[in-house]
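**Q** Protein chains in written order, with my numbering: chain W, 1 to 721; chain L, 1 to 204.
Take the hints with a grain of salt, since some may be wrong.
Example chain L residues on the side facing chain W (calculated, C-beta under 10 Å, incomplete) [stated by the list, open to error]:
(1) W44
(2) R83
(3) G163
(4) M170
In short, the hints are calculated from the structure, not lab data.
Heads up, the beta-carbon is just placed ideally off N, CA and C, and yes, glycines get one too.
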Amino acid sequence: MSTETNVQEQGYETFSYDDRLTKMFVIATMLWGVIALFLGVWIAFELASWKLNLNLPWFTFGRLRPLHTNAAIFAFVGNAIFAGVYYSTQRLLKTRMASDILGKIHFWGWQLIIVGAAVTLPLGISSAKEYAELEWPLDILVALIWVTFGVNFFLTLKQRRERHIYVAIWFYIATIITVAVLYVVNNLALPVGFMKSYSAFAGVQDALVQWWYGHNAVAFFLTTPFLGLMYYYVPKAINRPVYSYRLSIIHFWSLIFVYIWAGPHHLLYSTLPEWVQTLGMAFSVALWAPSWGGMINGLLTLRGAWDRVRKEPILKFLATGVTFYGMSTFEGPLLSIKSVNSLAHFTDWIVGHVHSGTIGWNYMMTSGMLYFMVPKLWNTKLYSNRLANIQFWSATIGLLLYIMSMWTAGITQGLMWRAIDETGKLVYPNFVETVVKILPMYWVRAFGGTLVLFGFVVLVYNVYKTIKNAPKEQQEETFKALPLSANPIDAHGGSHRKLEGLPLYFSVLAFLAILVGSVIELIPSLVSNQFIVKDSRVRPYSALEVAGRDVYVREGCYTCHSQLVRPMAAEQLRYGRVSEAAEYVYDRPFQWGSRRIGPDLHRVGKKYSHMWHYRHMLNPRDVTPGSIMPNYPWLYKNKVKFGVLPKKLSVLAALGAPYSEEEINRAPELAKMQAKTIMDELVADGVPAKMADKEIVALIAYLQRLGIDMAEDKDEVASTK
Amino acid sequence: MSDQTRKSKADNIILDDKEHNLLLDHNYDGIEEFDYPLPAWWVWTFVGGIVFAVFYIYFYNFAGAPSLRDEFKQEMAAIEAVREEQRKLTGNFDLEDFKSWQKGENSMQMAAAVYEENCLSCHEEGGKGDIGPNLTDEYWLNLKEVSPGTIYAFIRVGNEDNGMPAWQDMLSKEELYAAVQYVLSVKGKKLPGKEPQGEKLSQL
Numbered sequence: 001m002s003t004e005t006n007v008q009e010q011g012y013e014t015f016s017y018d019d020r021l022t023k024m025f026v027i028a029t030m031l032w033g034v035i036a037l038f039l040g041v042w043i044a045f046e047l048a049s050w051k052l053n054l055n056l057p058w059f060t061f062g063r064l065r066p067l068h069t070n071a072a073i074f075a076f077v078g079n080a081i082f083a084g085v086y087y088s089t090q091r092l093l094k095t096r097m098a099s100d101i102l103g104k105i106h107f108w109g110w111q112l113i114i115v116g117a118a119v120t121l122p123l124g125i126s127s128a129k130e131y132a133e134l135e136w137p138l139d140i141l142v143a144l145i146w147v148t149f150g151v152n153f154f155l156t157l158k159q160r161r162e163r164h165i166y167v168a169i170w171f172y173i174a175t176i177i178t179v180a181v182l183y184v185v186n187n188l189a190l191p192v193g194f195m196k197s198y199s200a201f202a203g204v205q206d207a208l209v210q211w212w213y214g215h216n217a218v219a220f221f222l223t224t225p226f227l228g229l230m231y232y233y234v235p236k237a238i239n240r241p242v243y244s245y246r247l248s249i250i251h252f253w254s255l256i257f258v259y260i261w262a263g264p265h266h267l268l269y270s271t272l273p274e275w276v277q278t279l280g281m282a283f284s285v286a287l288w289a290p291s292w293g294g295m296i297n298g299l300l301t302l303r304g305a306w307d308r309v310r311k312e313p314i315l316k317f318l319a320t321g322v323t324f325y326g327m328s329t330f331e332g333p334l335l336s337i338k339s340v341n342s343l344a345h346f347t348d349w350i351v352g353h354v355h356s357g358t359i360g361w362n363y364m365m366t367s368g369m370l371y372f373m374v375p376k377l378w379n380t381k382l383y384s385n386r387l388a389n390i391q392f393w394s395a396t397i398g399l400l401l402y403i404m405s406m407w408t409a410g411i412t413q414g415l416m417w418r419a420i421d422e423t424g425k426l427v428y429p430n431f432v433e434t435v436v437k438i439l440p441m442y443w444v445r446a447f448g449g450t451l452v453l454f455g456f457v458v459l460v461y462n463v464y465k466t467i468k469n470a471p472k473e474q475q476e477e478t479f480k481a482l483p484l485s486a487n488p489i490d491a492h493g494g495s496h497r498k499l500e501g502l503p504l505y506f507s508v509l510a511f512l513a514i515l516v517g518s519v520i521e522l523i524p525s526l527v528s529n530q531f532i533v534k535d536s537r538v539r540p541y542s543a544l545e546v547a548g549r550d551v552y553v554r555e556g557c558y559t560c561h562s563q564l565v566r567p568m569a570a571e572q573l574r575y576g577r578v579s580e581a582a583e584y585v586y587d588r589p590f591q592w593g594s595r596r597i598g599p600d601l602h603r604v605g606k607k608y609s610h611m612w613h614y615r616h617m618l619n620p621r622d623v624t625p626g627s628i629m630p631n632y633p634w635l636y637k638n639k640v641k642f643g644v645l646p647k648k649l650s651v652l653a654a655l656g657a658p659y660s661e662e663e664i665n666r667a668p669e670l671a672k673m674q675a676k677t678i679m680d681e682l683v684a685d686g687v688p689a690k691m692a693d694k695e696i697v698a699l700i701a702y703l704q705r706l707g708i709d710m711a712e713d714k715d716e717v718a719s720t721k
Numbered sequence: 001m002s003d004q005t006r007k008s009k010a011d012n013i014i015l016d017d018k019e020h021n022l023l024l025d026h027n028y029d030g031i032e033e034f035d036y037p038l039p040a041w042w043v044w045t046f047v048g049g050i051v052f053a054v055f056y057i058y059f060y061n062f063a064g065a066p067s068l069r070d071e072f073k074q075e076m077a078a079i080e081a082v083r084e085e086q087r088k089l090t091g092n093f094d095l096e097d098f099k100s101w102q103k104g105e106n107s108m109q110m111a112a113a114v115y116e117e118n119c120l121s122c123h124e125e126g127g128k129g130d131i132g133p134n135l136t137d138e139y140w141l142n143l144k145e146v147s148p149g150t151i152y153a154f155i156r157v158g159n160e161d162n163g164m165p166a167w168q169d170m171l172s173k174e175e176l177y178a179a180v181q182y183v184l185s186v187k188g189k190k191l192p193g194k195e196p197q198g199e200k201l202s203q204l
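Produce the complete structure using the sequences and hints provided.
**A** In structure tokens, the structure reads:
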């Protein structure tokens, strides 16, 4: 026995882990975590009290909400993923990361992107596609840095000393491949200038691509990496074997295969071809079990050691995280059922659902992971278990208040929107009534969010004290293992076991698994006109309307207003004729929105006078008492940049809008002419004539244009001719 | 760091025979794996989800189930029928009926309430006008003659080009009466507000 060991000993290789990189990502996670959560709390208070928008452009909800979502997803959760992945991957593969340099480029590049986002989004530089708002130069940077991460990861796989890759690594592989595909496709756009572009897709097609991306950002950025992290940190923290290897296999492959199909459930009752909606819903329901496979594998790993879960903060956070994962992956399929969705969509129920995932799952898992890693990384003990417990209860109670207030608000408002009395009239015809009704819930939500933020600040303090108390002299630990060549593929294992020994094949198969659903759902609607019917009545936007639309995009109006009248009686009664796919063919990007904090705007064109809009944007409460919309005084000061209009129109023309040469070349002049006709009416109502070149006029032009091309029913038009 | 261990290193747990058999020969950074069979209820959920998806997709895409648009058309047709009935009810204005409503004790209160909720945002306090015309002067933009009947008829159908909605689909007959009552009550007060629009008409 001893001689055998000696023989083997000679082949051992010595190596260390790049934990400096992990530490950097740990620090970044905490820094951006505080900022992302603070932004969330701030905008929650803005909704409860509109005055907190402060009449300042970069403080308004419309601009800060994208910053909150991007910061939470890419800055907070993103850095947490990288910290957790770098720490666990090296240990699971028994090798240092392939390149320290690539790791550093990844780290600093990613922080640069975040700073870029923090500067551009409040300035209104936004492509107005949810969770993908960054403009094209930053998009390119994201793609490059992500590829850097991927290259380093796959090179590390190649030089591993562990033959078979563990389930955590499977999930990391799926994450890296899929996020790259999603991000690149969804952000395809044609630039107009350094920080402005128009989406390569228009209208319904843009919506389809966006929610294929948006949903799978949740799947492959917020879910699969965290399942991978769960598979590492839960068994490590509890020190027990993972419950079921075969469950890992089945739920991994079914999850990544099914998830990618589920995006269209964000577009139920929209003008997306109905067969795509049907697929989206069916696959969402089928996704329930694969999701729960992860949950039960996590929870049953804790089986037999629940007494420790009660005592140890790390386990408390991890167990709670997995439980909320189970809750939100049950709620998700429920919400994707068409009839449930018809009530819940555009309401706060969805907002609550998202946060039970991001706070319940990502925040809790991240916290547990940090408490696990930090003492090990700095070779010390956690400063205070008591503080960790305080964070746990503060965050849990805050989250429950958040979820429950949003359930209440969402269901209440959804029911009010659809209430029709026996005479065929809306019971609550004034939209603002339904807003005022749920305002108390906005205060509860903001308070709950504050508790979640407070908990995280406690974590940061706890970690700070922990690191401060750590020994000053940190020695890099070295490890020994046999090279890969000494670890043959498990001859007794099944075919999947063999596959685990061949990561390249594994990666190709994972890529194919996510490709199937993507191709079947996206390609037909993107390449064929059969599904997106055109209509000759629909004209491209005039130059002034394009300028106005860009204001709408810049101010993030889509964060509160939808542009989609769904095929439901209550919607037609409230907003006007149900929307048609053909009406959106010149919308780059589409602006359907996902939440109606204010009313739908697709049929707002010609509904009110110019003066109504003029008054409304200056102070919404002048025309809608009780409104919670911010004031937009700067629209009355900023001038329309007429000079850039020919360039904008030529880019839109390159993407397919049928502008004539004349329309493009004379765009500034034509825009001014249109502004004049609007001004004539406004001047008659007492507005000074010098307002003609201000952004408010362009915005009014756009709003008055919305949904008027096909406001009348086709048959009606035909019969009157 | 070596991987020679083949037995569970887990602390404080005793593996029974069954668990020994279920423990796989896997070890990743000390993480081991059982190979418990899939829980039966989970398998049924998994299979159930797939079966549901297959039938659902078949039913809605191939078996001729009604589309969302079809369902909407049916829903809308039923509501349109009710609304058409209502329009008939609000369509004929009877002066005597209006006058007897006017005499009711709450008529002025209701007039103020309906005005505040529906008209105020455009016609401003007391009807002095802002986005919509001044209701207190002698000029009328949309009427040829001024009487309870003509005011009623105009409020009912509105004028979309001027931004005045057709209130018949939002207000009941009583509420339309209330709106007329409010207009009558402020008419001629000549409040300073929006400049006169339309033609000067005398009241009949």
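**Q** Against each hint, give a clear statement of whether it holds in the structure.
**A** Evaluated hints:
For W44 (chain L), the suggested interface contact is upheld, since its CB lies about 9 Å from the closest CB of chain W, less than 10 Å. With 10 Å as the threshold, the beta carbon of R83 (chain L) comes within range of chain W, its nearest partner Cβ sitting at about 4 Å, so the hint holds. At a threshold of 10 Å, the smallest CB-CB gap from G163 (chain L) to chain W is about 4 Å, leaving the interface hint in force. Hint status for M170 (chain L) relative to chain W: holds, with the closest Cβ pair at about 5 Å, below 10 Å.
When held up to the earlier numbered hints, the structure conflicts with none and fits them all.
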